[in-house]
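Undergrad: Listed below are the residues making up each chain.
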Amino acid sequence: MTTFLATDNWYDLRDLANLSREILEAADKILPFGVVYVLAAVIGFVASFLIFVLPSQLFVGVYGERKLIGRIQSRYGPNRVGPFGLLQPIADAIKLMQKEALTPTRSDRLVMYVAPIFFVAPAVLLFAVIPFGPNMVFADIPVSLMYFLAISSLPVLANFMAGWSANNKYSLFGAIRIVAMTISYETPLVMSLLGAVVISSTLSLQGMVLWADEYKIWLGLVQPLALVIYFICVSAELNRTPTDIAEAESEIVAGYLTEYSGMKWGLFYGMDIGYALAASAFAATVFLGGWTLFGLEKWVPPWIIFIGKTHLFYALFIWTRGTLPRLRSDQLMAFAWKFLLPLALFNLFIVVTERMIWSEEGYDKAYIYLFAIFNILVSGLLVFAWARFNGYRPDDVPTRPRLVKEARGYVPLGENE
Amino acid sequence: MDGFGVTVAFWILAAVTLVAGGGVMVSRNLLHAVLFLILSFIGVAGFFVLLSAEFIAMAQVIIYVGAITVLILFAVLLTPRASRDNSETVWALPGMLLAVCLAAIFLFVVHDTQWKTVTDAPLLTTQDLGHALLGTWVLPFEIASVLLTAALVGAIMLTRSAEEEAEDALA
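Chains A and B supply the protein sequences, listed in that same order.
The opening position of the first sequence corresponds to residue 4 in the working numbering, with each subsequent residue numbered one higher.
The opening position of the second sequence corresponds to residue 50 in the working numbering, with each subsequent residue numbered one higher.
Since the hints were derived computationally from the structure, they do not count as laboratory data.
Where is the CB? At the ideal position from N, CA and C, for every residue including glycine.
One should not assume that every hint holds.
[To be verified] Far from chain B, some chain A residues (derived; all Cβ distances over 12 Å):
1. Arg83
2. Asn171
3. Thr356
[As the list claims (entries may be wrong)] Covered, in the sense of this in silico footprint (three residues per stretch, anywhere, with C-beta under 8 Å from a C-beta of chain B), are these stretches of chain A:
4. 141-147
5. 160-167
Take the sequences, apply the hints, and build the full model.
TA: So, in structure tokens, the structure goes:
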């Protein structure tokens, strides 16, 4: 792993782990036992706030999302507070803190109070296993991919607690919807990630980055179908707008957040962005090669490359949010079980076969590029063929806005003809 | 088990798991009981981490916390009269008796067994687990998966009503 680092000196900012290690080792000689852990926590907090939380959560997450969606919808977006409206997220936070957090009288007070806290904790835990650089990973455990999946299945329980405790019918609708959706979309999500695991033969996120660096190819190119399925599934689980049926304003007020106000609501809102960022960071690590960029990581600090990739993937979330209309609840369910799950299974079958062939050829590097080209072609073909098999047909480009009733939606072939 | 941190973690996890387990029994509200159950599952996952069985710990969280409790929540919510309180039943006394008997048997077995202790056990990794599951024990593994698939299909067949069948036949 040291080949990426020209030096291990503290001034080598290509890996911030060098600097923090020097500081902590020097402090350990002066300070009494145990205090150095507190110092490590403070350094970690300040550093992660400056290099990741502030630019990502506030400027890309809140400001960038509002600004980009504004441009997509031909309006300005926030432009009043500070230069270019950059201080808007801070103004929002101050406003939220001043607001009163109401609790309905008939609600389950304790559960309603605990739910936002239970929602925030996993978002922070998720970043423990994300490798920001060669040595910049907090917990390099061998099963970090499974750790990520396990922790990311917790927030749905907080959502459920929030929806149920409010003692409001719309909240309960939202809670049931999000739980049903998470169960449905977890299956194709895990199946698609299994493809990535099979081809890189590791469950460690750092190991996947090193695999991408060794074979000089991103896993997203070898597993394009897995990347697409992961993106759709994760945006459904995160409750992002094309699939946010759990808090659909036009159907069920605000879903599980109906009775929340003030900073309790703010925690849910802020951590939704935190989860989206964590999912982007995970996708950047698994599918986009993490902190490597074909040799550039030797010149540019790897953590800047990694954060750039994370923001790039997050922009995809914003893009889909700004352009796609919301789906209906039953459409989403059918899509997960009838479309994504079979595709993920096909993908898994293909990748396992390729892995067998590859192991018989002695893991020759040339084969992985062959597999990548083959998989990109086959993925497109599979999506098209499975859609035709299920009776969906490509709609012709509409020349004027049409009602769904008029266009008859995506009806199976042979109906209403 | 040695080291200050490991010992502290063990006692904290033990307290959390036991208190949550007690909460499952004591709480009158069914949904509170389920939430306590989740907490005790998370505590058990922590024990697996302490035993350096990371894979099992993660599987515990994914399967028990992520899937099974969510199914329990669904079952509770979709059952009529689920919102009623857990009141006293005639089964309280026999249930307590059974629990005490079970606890006595467990304690007896744990206390009386000559536990084998190995000083330098080989550290098994997730890779070894995978080789064992898909190499040595592939047949039982596959039989279990076929059984689960059959159960899945059977559940779908059972829950479909005659009206739904008719609707699908038309479409």
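Undergrad: According to the definition I'm using, a residue is off the interface if its beta carbon is farther than 12 Å from all beta carbons of the partner; does Arg83/A meet that for chain B?
TA: Holds, since 43 Å exceeds 12 Å.
Undergrad: Can you take a look at whether the segment 160-167 of chain A is actually covered by chain B? Rule is 3+ residues, C-beta closer than 8 Å.
TA: holds (count 4)
Undergrad: So is the segment 141-147 of chain A in contact with chain B by the C-beta rule, three or more residues under 8 Å, or is the coverage claim wrong?
TA: holds (count 3)
Undergrad: Hey, is Thr356/A genuinely clear of chain B, shortest beta carbon separation above 12 Å?
TA: Thr356/A is indeed farther than 12 Å from all Cβ atoms of chain B, at 16 Å.
Undergrad: Is it correct that the beta-carbon of Asn171/A has no partner in chain B closer than or equal to 12 Å?
TA: Non-interface label on Asn171/A holds, nearest chain B Cβ at 14 Å vs cutoff 12 Å.
When held up to the earlier numbered hints, the structure conflicts with none and fits them all.
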